[in-house]
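If you're matching them up, the sequences are chains A and B in order. Each residue of the first sequence is one higher than the one before, counting from 11 in my numbering. Each residue of the second sequence is one higher than the one before, counting from 21 in my numbering.
If you're looking for bench data, these hints aren't it; they were derived computationally from the structure. Built from N, CA and C at the ideal position, the CB exists for glycine as well. Fair warning: there could be bad hints in the mix.
Partial chain A-side listing against chain B, Cβ under 7 Å, derived [claimed, not checked]:
(1) P78
(2) A119
(3) R154
(4) I158
(5) A159
(6) F162
(7) S163
(8) L164
(9) Y167
(10) G180
(11) W187
(12) Y194
(13) Y198
Computed footprint of chain A on chain B, listed as stretches where at least three residues anywhere in the stretch have a Cβ under 8 Å from a Cβ of chain A [said to hold, decoys possible]:
(14) 194-203
(15) 234-241
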Amino acid sequence: MIDTQLSRRAFLRSASAAAKNSIIVLGLPAILVSCERSKQAILNNEEFSVLTEEEAQELHAVAARIIPTDETPGATEAGVIYFIDNVLNDKREAEHETLRIGLREIQIAAAQKFNVSYFHELEPEQQDQLLTEFENTEFFGTIRFLTIAGMFSLPEYGGNRDKVGYELIGFEDRHAWQPPYGFYDADYAQRGE
Amino acid sequence: MAEASTQPSYSTREEVDFVIVGSGAAGGVMAKELSTAGFSVVVLEQGPHLKAADFKHDEWGYDVNKDLTWGARQGYPQTFRKSVDEETVTRESVLDYAHNVGGSSVHFSGNFWRFRPIDFMEASVRGPIAGTNFADWPISYDDLEPYYTKVDWEVGVSGLAGPWDPPRSREYPCPPMPVKSSDVLLERAAKKMGLTPYPAPVAILSQPHNGRPGCIHCGFCNGYGCEVNAKSSSMASMIPLALASGNCELRTGCTVSRVNTDENGRANEVLYWEEDGTEQAQLAKAVVLCANGAETPRLLLASESEQHPNGLANSSGVVGTNLMFNGYSTAVGLFDEPVNAHKSVPATRVLHDFYELDPSLGFYGGGGIDARHFSAGRPMNMALAGGLLGNGPTWGSEYKKNLQKEFTHTAAFDGHTTSLPLATNTVTLDPVLKDKWGRAAMRTTYSDHPDDIATMKFFYDKTMELLDVAGATKSVGFYAEDGQEGNVHLLGTCRMGNDPSTSVVDKFNRSHDVENLFMVDGSSLVTSGRGQPTMTIMALAFRAADNIIQFARRGEI
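Start from the sequences, fold in the hints, and give me the full structure.
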């Protein structure tokens, strides 16, 4: 159902309403541990296969604004940049080129607006301001797609480390379930409907 | 492999009784029926023979890389246009189907509604619809019922017989699946509205049957292969029996390019490429095309010759026309308590109260409603949808917060609807674009009939109302108001009929033009049904096989 999903996606993107009450999935110590581990990974500079160090650093900074680290882990903890490097190396030269061109443009904008050479040198608020301006570009569409994919795909592709993405949305990747699955079927069984 | 040791190895230069092109829902049934009846059978399948152990919960691999369905990434781009007046655009994929043993029955959702008696005679009951090829079938529900029952028992279907169900000669072999929260919400709302929800029939085993295990409710049905063989794909249910017969050779990685005919116009040879590009030609006494509603007409059109200038079996010019999809709508609601619709099978309740819409509405249509997870339980697709009930943020902290409740606390009420057959909706050969083999790429020309869109809207409105009654705190919905531009249900392109000038196969799925050529798959369907065609495709395959066996034994092929 690829096309219906795309159209649905387009629709849902423009839908209006707001969800309330986030659920904090991880306790604070767990977040600190995973943040720490991820920081080390970036510092240790796990080898990138197609991204240059600069591209990695910049795209990592963009991904970290798309799914930021707040009360819960974000793109950084999920190792999204490693996922991106990995899948760009899998017959995705065109997407890599889109990202390269976009990065150059965003760096020019960073220099003009904030007088810095690199996106990752900006304050988070400045980064958000720039990204908002780039929201409708192919660059942003591509990096948003890859960031979300890296957050929620199988860890073997390099992202979703420790399944932090799954945990964020309450998805437990198990191979077997038994009823009750949720509140309403438990209630249904209890009432003997 | 034990099964491999029983496989014969036929020479391509000696005639086998049957070559079957495609091993999907219909091809698997056909292979099993013909081979266990003692005929020599070669099955040609484009993709690999994946087994339960090969399947993973791999959203990136299946949805993005298209590891199962294939697209431009694998060398199979397609083109699309809404009408002949439009330029075509090249797409990753337009008509989506799996390339593996078992075809799309491996990764489908397993919803297994039978067609109802009305589906076979609706044109005469309701009257013709101007500008369409809406027609009765040359067979009735009663003709097909024994074969529906055969599918129930041999392929494996779970459900509950009752007054809501079409007439049946035998109970289901397996009881219905345990109800899910999403379906409790649907059932309660429907009952409040005076409707009649009932347990959804599914091609997934609720308990062990025919040596296969029951479902473990992992939730990865739609878009994924079953990891325990509880889903009743033809790969799990039929192919093993075909291979055990000792008469069936399954050749995987074989892409068929053409069906040749002899001087008498009979099909006698099937040309194909092996994976490494080696060309082969298998001789056969008869050929059965089970390649699906997209590939079967494409292959016939590509098999044109002096004797068959419009393409094989196409003296009518009907091959590739009347493409039908089934319409679709969805309404997604947020609920206070956990729904967890991502667990277990896609749907456990169905509503068929709107199977036939009142003609006084001013348009033709009908369908069914079931409850599902809005992204088929897929985390990445859910997240890409951008905060379902969110007010626009598609990234950042707010977006991220919205995601946290939506995966577990939503239910989607989906409409599955009719699609009218139109001469202008077609599968043809693209005159420019080629696939990796240098063949003309598949070109789809398609626009939903206005009645199809009106029907989708009716179901959209009805499901939004159901969500409201169910107590959703927020809801949002969708239907293709501008019409669909691709699908996974590929129907009607070699329609069945008594009149050789308006149909491609007769009521036994035999080509009107070529007596030893049979088309058995979604392409035979005269009307679209209400959204779940695979049960009918398999029943038609059992019926066609039954007749083909009798023809062959009487020397009538």
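Taking each numbered hint in turn, which are not upheld by the structure, reported in ascending numerical order? As far as the earlier hints go, only 2 is violated by this structure.
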